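Trainee: Turn these sequences into a full structure, and let the hints steer you where they fit.
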Amino acid sequence: MGVTSTELLFVSLADPTRRAIFERLCRDGELTVRALTDKAGVSQPAVSKHLGVLKHAGLVQDRPDGRQTHYSARPEGLKPMLDWLEIYGAFWRDRFDRLESLLNRMDQ
Amino acid sequence: MNELATRSLVVERLMPHPPEKVWRALTQGPLIEEWLMANDFKPVVGHRFNFRAAPSPHWNGVTDCEVLVVEPNETLSYSWNASGDEAAGGVKTVVTWTLTPAAGGTQLRMEQSGFWPREANYQGAQFGWNKFFDNLDRVVAAL
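Line order of the protein sequences matches chains A and B.
Residues in the first sequence are numbered consecutively from 36, following the working numbering.
Residues in the second sequence are numbered consecutively from 15, following the working numbering.
If you are wondering where the hints come from, they were derived from the structure by calculation, not from laboratory data.
Hints are not guaranteed to be accurate.
Once the Cα atoms are required to be at most 20 Å apart in a straight line, the calculated SDA-like pairs of lysine to any residue come out as [claimed, not checked]:
hint, chain 1, residue 1, chain 2, residue 2
1, B, LYS35, A, ASP132
2, B, LYS106, A, ARG133
3, B, LYS35, A, GLN96
4, B, LYS35, A, PHE45
5, A, LYS114, A, GLU58
6, A, LYS114, A, SER40
7, A, LYS114, B, LEU23
8, B, LYS106, A, ALA125
9, B, LYS106, A, PHE45
10, B, LYS56, B, TRP94
11, A, LYS84, A, VAL68
12, B, LYS106, A, GLU58
13, A, LYS114, B, PHE129
14, A, LYS114, A, GLN96
15, A, LYS74, A, GLY87
16, B, LYS106, A, PHE126
17, B, LYS106, A, ASP118
Here the structure is a predicted model, which is why all the values come from computation and not from measurement.
Mentor: Pasting the structure below:
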């Protein structure tokens, strides 16, 4: 089976350069690969590759415009990460219920 | 969002039972199994053990743990890590239980921390996780 959307998201954000690119798009809005490359400190092909990973994870979208491609952030792509933490929260609240029930049945 | 920013999860509840009793439920294997999962836990610092649950499509059901802190009736802490093939990409966290005597029983607090890598893992990185989570707060608030 393929990786889940949460795994894709974690893997794509685990790289500091990719996080920086995603943050920049969140902050500055739509940018071209060239504009992103100027500040990224890595080559244009490397930036393009990072953008491909971010796009696959649902964190950015692209808009071709002639010879240029513009990229913008999809912050809503972070939702699986938030949902994932919420699953753990629900898990522990359920276990607290079970623990309380056990304590009520235990002798002093 | 606060949970994300601090990279930990906290659940707290007042249990109408004395700390000594709550401690037993947290540290005796057969009792732990009744409310959490099957286990080979021992309240000994350094003891390695597993929690085992039925596997599901995206989880092998096994959690790798090591006892980190045992302060009877007060604090219990163990690592809580994904196991086997899932260890590399899975959770690597610490679960800490704190028992505080309170009127009418015990204030029980569970904190699971370390959901995301710490800054120290990325020394020299241009943009760290801490900064990322600061910014993420703003981004998510706008969703």
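Trainee: Would you mind marking each hint as holding or not holding in the structure?
Mentor: Now for the hints, and whether the structure bears them out:
Only pairs whose Cα atoms come within 20 Å are accepted, and LYS35/B paired with ASP132/A is accepted, the gap being roughly 16 Å. With a C-alpha separation of about 24 Å, the suggested pair LYS106/B and ARG133/A falls outside the 20 Å cut-off, and the hint is violated. Proposed proximity of LYS35/B and GLN96/A is contradicted: the alpha carbons are some 55 Å apart, above 20 Å. Distance check on the hinted pair: LYS35/B and PHE45/A sit about 40 Å apart at the alpha-carbon level, beyond 20 Å; violated.
The straight-line distance between the Cα atoms of LYS114/A and GLU58/A is roughly 16 Å, inside the 20 Å bound, and the hint therefore holds. Our distance criterion of 20 Å between C-alpha atoms is met by LYS114/A and SER40/A, whose separation comes to about 10 Å. Among the hinted pairs, LYS114/A with LEU23/B is consistent with the structure: their alpha-carbon atoms are about 17 Å apart, no more than 20 Å. For the given pair, LYS106/B sits about 18 Å from ALA125/A by alpha-carbon distance, which is consistent with the 20 Å threshold.
Straight-line distance between C-alpha atoms of LYS106/B and PHE45/A comes to about 13 Å, which keeps the hinted pair within the 20 Å bound. Between LYS56/B and TRP94/B the CA atoms are separated by roughly 15 Å; this keeps the pair inside 20 Å, and the hint holds. A threshold of 20 Å between alpha carbons decides the hint, and for LYS84/A with VAL68/A the separation of about 10 Å falls inside it, so the pair holds. As the CA atoms of LYS106/B and GLU58/A are separated by approximately 25 Å, the hinted pair breaks the 20 Å bound.
This hinted pair checks out: LYS114/A and PHE129/B have alpha carbons roughly 16 Å apart, not beyond 20 Å. A distance of roughly 16 Å separates the Cα atoms of LYS114/A and GLN96/A; the hinted pair therefore holds under the 20 Å criterion. Our distance criterion of 20 Å between C-alpha atoms is met by LYS74/A and GLY87/A, whose separation comes to about 18 Å. Of the pairs offered as hints, the one joining LYS106/B and PHE126/A holds, with about 17 Å between alpha carbons and a cut-off of 20 Å not exceeded.
Restraint check: the Cα-Cα separation between LYS106/B and ASP118/A comes to about 18 Å, which is no more than 20 Å; the hinted pair holds.
The structure is inconsistent with the numbered hints 2, 3, 4 and 12, although it conforms to all the rest.
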